[in-house]
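Peer 1: Chains as they are written, first to last, in our numbering: chain A, 132 to 698; chain B, 132 to 698.
Only true hints are included.
Just so you know, same-sequence chains aren't split out, so a pair can sit in one copy or run between any two.
For lysine-lysine, the following DSS-like pairs were computed, each having C-alpha atoms within a straight-line distance of at most 30 Å: (1) Lys512 with Lys662; (2) Lys515 with Lys662; (3) Lys284 with Lys299; (4) Lys512 with Lys278; (5) Lys512 with Lys681; (6) Lys421 with Lys681; (7) Lys512 with Lys421; (8) Lys363 with Lys278; (9) Lys284 with Lys363; (10) Lys681 with Lys515.
The set of hints was computed from the structure by calculation and includes no laboratory data.
2 protein chains.
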Amino acid sequence: MNLLPAWLRSYRPAWLAGDLTAGVIVTVMLIPQSLAYALLAGLPPEVGLYASILPIVAYALLGSSMTLAVGPVAVASLMTASALQPLAAAGSAEYVTLAIQLSLISGVMLLAFGALRLGFLAHFLSHPVISGFITGSAVLIAVGQLKYILGVKVAGSDVLETLVGLAKALPQTTPVTLAIGGASLLFLLLARRYLAPLLTRLGVPAKAADLMAKLAPMAAVIVSTAVVWLFKLNETAGVSVVGSVPQGLPQLTLALPGVSTLGQLWLPALLITLIGFVESVSVAQSLALKRQQRIQPNRELLGLGAANVASALSGGYPVTGGFARSVVNFAAGAHTPLAGVISAALMALVIAALTGLFYYLPYAVLAATIIVAVTSLIDLKTLKEAWHYDRADALSLLATAMGVVALGVEAGILMGVALSLAALVWRSSHPHMAVVGRVPGTEHFRNVERHAVQTVPGLLALRVDESLFFANATVLEDRVEALLAHDPSVRRVLLICSAVNQIDATALGVLTQLERSLASRGIEFTLAEVKGPVMDRLRSTELGQRLQGKVFLSVHEAFEHAVQVGN
Amino acid sequence: MNLLPAWLRSYRPAWLAGDLTAGVIVTVMLIPQSLAYALLAGLPPEVGLYASILPIVAYALLGSSMTLAVGPVAVASLMTASALQPLAAAGSAEYVTLAIQLSLISGVMLLAFGALRLGFLAHFLSHPVISGFITGSAVLIAVGQLKYILGVKVAGSDVLETLVGLAKALPQTTPVTLAIGGASLLFLLLARRYLAPLLTRLGVPAKAADLMAKLAPMAAVIVSTAVVWLFKLNETAGVSVVGSVPQGLPQLTLALPGVSTLGQLWLPALLITLIGFVESVSVAQSLALKRQQRIQPNRELLGLGAANVASALSGGYPVTGGFARSVVNFAAGAHTPLAGVISAALMALVIAALTGLFYYLPYAVLAATIIVAVTSLIDLKTLKEAWHYDRADALSLLATAMGVVALGVEAGILMGVALSLAALVWRSSHPHMAVVGRVPGTEHFRNVERHAVQTVPGLLALRVDESLFFANATVLEDRVEALLAHDPSVRRVLLICSAVNQIDATALGVLTQLERSLASRGIEFTLAEVKGPVMDRLRSTELGQRLQGKVFLSVHEAFEHAVQVGN
Chain A
132 MNLLPAWLRS YRPAWLAGDL TAGVIVTVML IPQSLAYALL AGLPPEVGLY ASILPIVAYA
192 LLGSSMTLAV GPVAVASLMT ASALQPLAAA GSAEYVTLAI QLSLISGVML LAFGALRLGF
252 LAHFLSHPVI SGFITGSAVL IAVGQLKYIL GVKVAGSDVL ETLVGLAKAL PQTTPVTLAI
312 GGASLLFLLL ARRYLAPLLT RLGVPAKAAD LMAKLAPMAA VIVSTAVVWL FKLNETAGVS
372 VVGSVPQGLP QLTLALPGVS TLGQLWLPAL LITLIGFVES VSVAQSLALK RQQRIQPNRE
432 LLGLGAANVA SALSGGYPVT GGFARSVVNF AAGAHTPLAG VISAALMALV IAALTGLFYY
492 LPYAVLAATI IVAVTSLIDL KTLKEAWHYD RADALSLLAT AMGVVALGVE AGILMGVALS
552 LAALVWRSSH PHMAVVGRVP GTEHFRNVER HAVQTVPGLL ALRVDESLFF ANATVLEDRV
612 EALLAHDPSV RRVLLICSAV NQIDATALGV LTQLERSLAS RGIEFTLAEV KGPVMDRLRS
672 TELGQRLQGK VFLSVHEAFE HAVQVGN
Chain B
132 MNLLPAWLRS YRPAWLAGDL TAGVIVTVML IPQSLAYALL AGLPPEVGLY ASILPIVAYA
192 LLGSSMTLAV GPVAVASLMT ASALQPLAAA GSAEYVTLAI QLSLISGVML LAFGALRLGF
252 LAHFLSHPVI SGFITGSAVL IAVGQLKYIL GVKVAGSDVL ETLVGLAKAL PQTTPVTLAI
312 GGASLLFLLL ARRYLAPLLT RLGVPAKAAD LMAKLAPMAA VIVSTAVVWL FKLNETAGVS
372 VVGSVPQGLP QLTLALPGVS TLGQLWLPAL LITLIGFVES VSVAQSLALK RQQRIQPNRE
432 LLGLGAANVA SALSGGYPVT GGFARSVVNF AAGAHTPLAG VISAALMALV IAALTGLFYY
492 LPYAVLAATI IVAVTSLIDL KTLKEAWHYD RADALSLLAT AMGVVALGVE AGILMGVALS
552 LAALVWRSSH PHMAVVGRVP GTEHFRNVER HAVQTVPGLL ALRVDESLFF ANATVLEDRV
612 EALLAHDPSV RRVLLICSAV NQIDATALGV LTQLERSLAS RGIEFTLAEV KGPVMDRLRS
672 TELGQRLQGK VFLSVHEAFE HAVQVGN
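I would like the entire structure built from these sequences, with the hints used as guidance.
Peer 2: Encoded structure:
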């Protein structure tokens, strides 16, 4: 029984209409997107279609989101291209095999992270770093697609090189291709902005108008394919078209990577895994919260892991939960992953019988689809907000975005992660500490620098607002010594541990040495408000022995004691 | 005026006797050690002598410790050998140049860290990791020296390979070499343990006896050199000796590394820099505290940086503050770095006129000196203590030690740092949180799981004991949602921010989304005890706007309000 997912066991007939509608609409979006993203990944179009069938079903069985649309997405496609282009010629059989293996490795990593409950690792990509990464990737993707719009051949490994190449190749522009690509681009941009309001004004209900506007790419695909077919523009005007796409369902095969391939692919696979997971979970979560549902990050790891393994088994490439299709799926009324399963079934139908329809589809239109899709990912709002709220966050966003554009996706994201870790290191090694005094007439104690409080002569009461461990223990010691140097009359140091949840072996060593050194100078070292678990472990140590009778339950008690014994 | 160090400007004649004595005694230790550590580093003996002159003077001018003895040390010598052996043949001119450049790069890094006040970076090597690293290195060094004791040739890049090689080479043992090496080893081990008590029993004052025991290596050097010279054992019995050491003061030269050398040496240089700095500061600090002096980490960076640059300029290799010589320097009565300057002058004398004395010095004795010196670095006490206090720390110690022995010094220390960072990541992503209630009859609020406290129906009061940032914001959100799922009667969430010193852009985003999501479910989100600086920045954000009138000064106030408004 438990093998069936919960949503299927408790399925209600009332949900079927919504799931069916959403399944159909998402399929209409998915067809051009899966072809376009395969192009972006440097893969033959059928690989994009393969990645849009089994992965969806696998996620439906194991994932925790009711509305996430899994499949090929722009950023993972770009990352796939960036990982594989140094290893094999784009579109070659070897390249396709590597893409399949990349998907397999990423899937296994996701499953392993899920089994080890390592979902928390994804928290180490901060929002500004992710935002910067996505924005940088969007620029990279958009620039990379311009050659298809112009109908020229340009090889460039970075943005600058690509732009220079495009400028040089401008005289070779294929006019008809540019006309088709430019018209599609214009149509899609206008449709995104004005189609829904226009349809509403024509009497279409607002929600339906919104959904219909999302189908503009399919309209562009149909119209342009028809035009190219009608005038045979691929032969008469040199318009590049998709050509024959192999018909038939994907073969199930297992392509295990060898050790040297593993060595080449583990890092890109890890980055695709982390970025894909973070993106997918944030989309799934924002949709779930709208319906007061919950996403379980460890279930998501399993769901996405299964989806990637399924993709690898059926000849696809790395997939994850995508933003645009998920939002449409949700808005079109999807209640359960059945919507996805319906979509998968329709895609299977397309690939089994209808791939001939894509023969005259011009690449320029796919490129226009990609460009319009990714420009909506460029996120200046987060940058603006971060700039006002936290300059350091804004700078890490900018650095990551520029790193991606200038150095490529892997170096860019690694730079972002390094920046995040550096921030963590910096933060951890600078714990907040405050010398406190008593608020007159109360048992409350506050920072002497911020409040008018009473202190006891000869007593230095220091509150440290973080657990003590290797990264900050010496900082505490330095602070105490600096305060003592500043006020030589101190005869008693009180360390207030109300925020200390843990003292690791390094910090224990530092405190032990501090206590000994203070004792040798005739200064008493005392503690207050030590938490139960911390005290339990401290008791059996040398420091614990030496501090017997010098640990106060409350700061109040410690102050009273200091007043009584005087200097 | 300020160009002279403070100790020199306020020098008192009364200090001179102590500084002179210490300077002489340290020199007698330094001569065999500098030769031995050069051997360990794979360098000709004179490089060890060069590294023992100018660096000491440079440190005396810029460092902050009064008693630190700077020069060649065991661990940095091992790290030098490990960094250079893949790049050039040990002892070759190219190898020597690389060692000089390594010292220069490390010196510049130290100076840069000092100028940028990056001393805090060294805190990221936790005590257990350092202890494990030193212990592993000591094993590696000791095993590596056995071939000199046996008088055989063995090439092995790791411990296992070396041991196997030694076992195979056993039949080729040079008996006289083994006799000299074994006798020295035995003498040094016995001297370390029993010489001081013996001398005390013979009427020598305890302190003098301790110091004299430290001169045992010099005694071994003199006696063995005399024996080899007398019987010309180098010719008659195949005993390897140091041979001719170039006489004359080192030439000042600047050997700048090229770009490709920089690429090869930056990582080993960084590791030598960090390890050397951490070791040196901890020795300097423990000695300074005994005399109630202070060490300034950023001054130490400058002092050690200058010492390494000076070493490079005068043909030496990476130096740092050593444990054994510093302790002897302190115990022999050194008051100021003048003791070091005297030592440097004596070393200059030795190299200018007396290197001929080392001709018959057998390598086996130097190896015995090294083995005895490093076995005292093997630190099982820290392991034992960590095992009882914090199992995770003990495991990271063991992992680092085994990493060094099995994989080498660089991989070992990198593993240790990675473990430390992983611990930091784990800790940061798991902030302590507690649902609190009121201690009856007071204005104090405590964890409901630990204390008998009163709660208000419909109010969830959650205290988070850490700043909120990218690594833990989602964890807080998950916790709130889990608590709400557990108690659907909650109508008001109170987040107690008494320990929140900062909310970064990621956490702000998460809180904003949480507030919106709660509001949509009719649950009010409120804050209490928000610190001034945090509130200042929050005020201008969307969340700050939405929370107007919902931020309470104290938890008490928030509870009173919740009781009054009821559900």
